[in-house]
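Enquirer: Given next are the chains, with one letter for each unit.
Protein chains: 2
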Amino acid sequence: MNNPLIADMLKHVKLTPAEIDLVTACWTEKILGKGDYLLRNGDICRTDNFVLAGALKAFYINGDTGKEEILYFAIDLWWATDIDSFRKQQSSIYNIQALVTTRLLQINHISFEEMLKQVPALERYFRIILEGYTASLQRRIILNKVYDAEQRYVDFLARYPQLAAQVPLYLIASYLDMSAEFLSRIRKKQDIS
Amino acid sequence: MNNPLIADMLKHVKLTPAEIDLVTACWTEKILGKGDYLLRNGDICRTDNFVLAGALKAFYINGDTGKEEILYFAIDLWWATDIDSFRKQQSSIYNIQALVTTRLLQINHISFEEMLKQVPALERYFRIILEGYTASLQRRIILNKVYDAEQRYVDFLARYPQLAAQVPLYLIASYLDMSAEFLSRIRKKQDIS
DNA sequence: CGCGACGTTGATTTGCCTCAACGATTGTGG
DNA sequence: CCACAATCGTTGAGGCAAATCAACGTCGCG
Numbered sequence: 000m001n002n003p004l005i006a007d008m009l010k011h012v013k014l015t016p017a018e019i020d021l022v023t024a025c026w027t028e029k030i031l032g033k034g035d036y037l038l039r040n041g042d043i044c045r046t047d048n049f050v051l052a053g054a055l056k057a058f059y060i061n062g063d064t065g066k067e068e069i070l071y072f073a074i075d076l077w078w079a080t081d082i083d084s085f086r087k088q089q090s091s092i093y094n095i096q097a098l099v100t101t102r103l104l105q106i107n108h109i110s111f112e113e114m115l116k117q118v119p120a121l122e123r124y125f126r127i128i129l130e131g132y133t134a135s136l137q138r139r140i141i142l143n144k145v146y147d148a149e150q151r152y153v154d155f156l157a158r159y160p161q162l163a164a165q166v167p168l169y170l171i172a173s174y175l176d177m178s179a180e181f182l183s184r185i186r187k188k189q190d191i192s
Numbered sequence: 000m001n002n003p004l005i006a007d008m009l010k011h012v013k014l015t016p017a018e019i020d021l022v023t024a025c026w027t028e029k030i031l032g033k034g035d036y037l038l039r040n041g042d043i044c045r046t047d048n049f050v051l052a053g054a055l056k057a058f059y060i061n062g063d064t065g066k067e068e069i070l071y072f073a074i075d076l077w078w079a080t081d082i083d084s085f086r087k088q089q090s091s092i093y094n095i096q097a098l099v100t101t102r103l104l105q106i107n108h109i110s111f112e113e114m115l116k117q118v119p120a121l122e123r124y125f126r127i128i129l130e131g132y133t134a135s136l137q138r139r140i141i142l143n144k145v146y147d148a149e150q151r152y153v154d155f156l157a158r159y160p161q162l163a164a165q166v167p168l169y170l171i172a173s174y175l176d177m178s179a180e181f182l183s184r185i186r187k188k189q190d191i192s
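Residue numbers (numbering that gives the first Met the number 0), protein chains in the order written: chain U, 0 to 192; chain X, 0 to 192.
Worth flagging that the hints you see were computed from the coordinates, not collected in a lab. Honestly, I wouldn't trust all of these hints.
Which copy is meant is left open, so a pair is good if it fits within one copy or across any two.
[What the hints assert, rightly or not] Derived lysine-lysine pairs resembling DSSO-like cross-links, with alpha carbons at most 27 angstroms apart: (1) Lys144 - Lys87; (2) Lys10 - Lys33; (3) Lys144 - Lys116; (4) Lys116 - Lys13; (5) Lys116 - Lys29; (6) Lys116 - Lys66; (7) Lys29 - Lys87; (8) Lys29 - Lys10; (9) Lys187 - Lys144; (10) Lys188 - Lys144; (11) Lys10 - Lys116; (12) Lys66 - Lys33; (13) Lys116 - Lys187.
If you're wondering where the values come from, they're calculated on a predicted model, not measured in any experiment.
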């Protein structure tokens, strides 16, 4: 077993060898070059995507300023899908783009539904994944209320050191709801102490 | 069939009459008076809660200022549970309190797991519910980046008119990440135009 | 080498907060 | 049934965290 997605599923649900084969066959590998788009706003998110290796950014384009607002990053062993667009097969308001060369596993919407029908245990798997993600989104909303810019940055460094290491600062700033300039000043201040 | 929870489940999954009976039996009704707590921070969220009628607020207490920061509201036919505390049966950082007299359906954690084992279709139901909630949390994060305070309030009024009608303004202000005073000024300004 | 992507720095501005005080309602106990 | 206290919303004055704008280094890469 060298499929990281199956490994992740097995952390949360039991699958028979036959089910593992069936699930494995549903997914296909794809490689994105740096700068390639996985999803553009206005398009339908046609696949559910699991990152094997690399880094992606999901962002919203601010209609007034034209600037990117980072919704999330996705690196190894995490998901990068516009859930709402994928589930309804409606056009998306987000963009997903590769920050570096990135390997993915993909499944299209029809296969996804069929896979869930064949292997109902995966309903449980995705429920559990979503529970964890929901909790992290709620925490992010609260931290944005309670913490100031510096505290958010410190918390980010502690919580996501791998992300901090491979994502440019101006994108981290956007994720953390502050300007790149202000993040720079925070970092300068911390140098001294 | 006069159980709103079962009705909601049937919108998303099929259940046999036997399953409906089984599920129905798992939940018990509870009534909270105005001001009663469903959950206090530090306690474990022992039940999953579905609101039949009434209104609740979920909030975080800011350690520095001592003020409540609204995480969400829950009114008729919506959920009010600290997902993270419930799933791990660990202590919660949030509080949930009744704004008015509120009727709930509740299920404890052991029964919840047992119910899912007996009726696997509910794994799908909760997955679908969480997908929708995840999408709304992501949208909330993006709107907080892109919209200014007035735009957030206008959007809130359009999106949740029922909430706007029954929740005091100072709590709406907290939910929308602005001070009660500033929301008051926004409303005054809108009177004129 | 030259260009684009990224980070930094300074000067200035601003959206929103904080604090404090004051109506307007509501409900509640004497 | 009224007095009085909460609770909620509003208003004014002053202040600050962070944004914006502009300019300038610096590094990696075609």
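Enquirer: Each hint: holds or not?
Expert: These are the hints, each one checked on the structure:
no.	hint	verdict
1	Lys144 - Lys87	between (31 angstroms within a copy, 25 angstroms between copies)
2	Lys10 - Lys33	neither (31 angstroms within a copy, 42 angstroms between copies)
3	Lys144 - Lys116	neither (41 angstroms within a copy, 38 angstroms between copies)
4	Lys116 - Lys13	both (16 angstroms within a copy, 13 angstroms between copies)
5	Lys116 - Lys29	within (24 angstroms within a copy, 35 angstroms between copies)
6	Lys116 - Lys66	neither (41 angstroms within a copy, 47 angstroms between copies)
7	Lys29 - Lys87	within (23 angstroms within a copy, 35 angstroms between copies)
8	Lys29 - Lys10	within (24 angstroms within a copy, 35 angstroms between copies)
9	Lys187 - Lys144	both (24 angstroms within a copy, 25 angstroms between copies)
10	Lys188 - Lys144	both (22 angstroms within a copy, 25 angstroms between copies)
11	Lys10 - Lys116	both (20 angstroms within a copy, 18 angstroms between copies)
12	Lys66 - Lys33	within (20 angstroms within a copy, 45 angstroms between copies)
13	Lys116 - Lys187	neither (54 angstroms within a copy, 54 angstroms between copies)
Hint violations for this structure: numbers 2, 3, 6 and 13, all remaining hints satisfied.
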